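J.: Chain by chain, the residues run as shown.
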Amino acid sequence: MNNKNGLKEVAAQVKTGGAPAAAQRQDTSKQPYMFVPLEATKTLADGKPVHSLNVITRGDIVKEWMQDDSPRGGSLGAVYTYFFYSWVALIAVLLTYGISLYVAAVFAYITGFCWSEVLLNYAWSAEWFKDKALVHTA
Amino acid sequence: MDELYKNVAVSGTVAEAKRPMLIMTTRYNYMMEHLLEYKKMIRYRLYAYGALGGGALLVLAVPIAGIAALFFGMYYYQLYKLQRARTVENKRTVMIGH
Chain V
1 MNNKNGLKEV
11 AAQVKTGGAP
21 AAAQRQDTSK
31 QPYMFVPLEA
41 TKTLADGKPV
51 HSLNVITRGD
61 IVKEWMQDDS
71 PRGGSLGAVY
81 TYFFYSWVAL
91 IAVLLTYGIS
101 LYVAAVFAYI
111 TGFCWSEVLL
121 NYAWSAEWFK
131 DKALVHTA
Chain Y
1001 MDELYKNVAV
1011 SGTVAEAKRP
1021 MLIMTTRYNY
1031 MMEHLLEYKK
1041 MIRYRLYAYG
1051 ALGGGALLVL
1061 AVPIAGIAAL
1071 FFGMYYYQLY
1081 KLQRARTVEN
1091 KRTVMIGH
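Residue numbers (this note's numbering), protein chains in the order written: chain V, 1 to 138; chain Y, 1001 to 1098.
No lab work stands behind these hints, which were simulated from the structure alone.
Quick caveat: nothing in here was measured; it's all calculated off a predicted structure.
Hints are not guaranteed to be accurate.
To be verified - The list that follows gives simulated cross-link-like pairs (lysine-lysine, DSSO-like), each with its CA atoms no further than 30 Å apart:
{"id": "1", "chain 1": "V", "residue 1": "LYS42", "chain 2": "Y", "residue 2": "LYS1039"}
{"id": "2", "chain 1": "V", "residue 1": "LYS132", "chain 2": "Y", "residue 2": "LYS1091"}
{"id": "3", "chain 1": "V", "residue 1": "LYS130", "chain 2": "V", "residue 2": "LYS48"}
Claimed, not checked - Example chain Y residues on the side facing chain V (calculated, C-beta under 7 Å, incomplete):
{"id": "4", "residue": "SER1011"}
{"id": "5", "residue": "GLY1012"}
{"id": "6", "residue": "LEU1022"}
{"id": "7", "residue": "THR1025"}
{"id": "8", "residue": "TYR1030"}
Virtual Cβ for every residue (Gly too), placed ideally from N, Cα, C.
Construct all of the structure, not just a fragment, from the sequences and the given hints.
T.: If you want it as structure tokens, here you go:
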């Protein structure tokens, strides 16, 4: 035993009868590594200072990631908004199909556009966020 | 202060703390945690406006129902304000890596 071992490692060794405990595998999808340059004095290629850690408030996070004042801006709220629009447009296709094929075609275009926005916003506002690190106060 | 240590600051934490000072997670998990609170905020706002509107309509026609509706309107309005404080007006610190 050397001074590098913490209490947890020692306790695990006691439990396993002296054999060193197997290293715990960390699920990096739940706790990804975040590298923070502590002494960054240089600048990026475009002249901006290195800024890899953004310190903000929960309110700003919620407004930026969930609130849906402008759906085209892209957020999780836009997923809900465009999901609703796409179903409304699909129903409009079914209702206008027997009346005018051209009107139905316009609604079909809107349906496809809205559904593509659902997929895009979910990809960039939910799936992409699964591997992005975040630290918050307890 | 010595130029060599210009980025070093004095800080401390409570050694006996029963929970961590900082919690590391992912953006997705944090967002999903607070999405429920955000949805509650929207729901309570709908209840509050609905009940206040219903109360205004009913208060002269069916006073007992109107007063009950106004009570629930203000009740849900308080809950709506609470959820606002928990979500869009919250000042708790969050750090996100780029």
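J.: To test your reading of the hints: which numbers does this structure violate?
T.: The structure breaks hints 1, 4 and 5; every other hint is satisfied.
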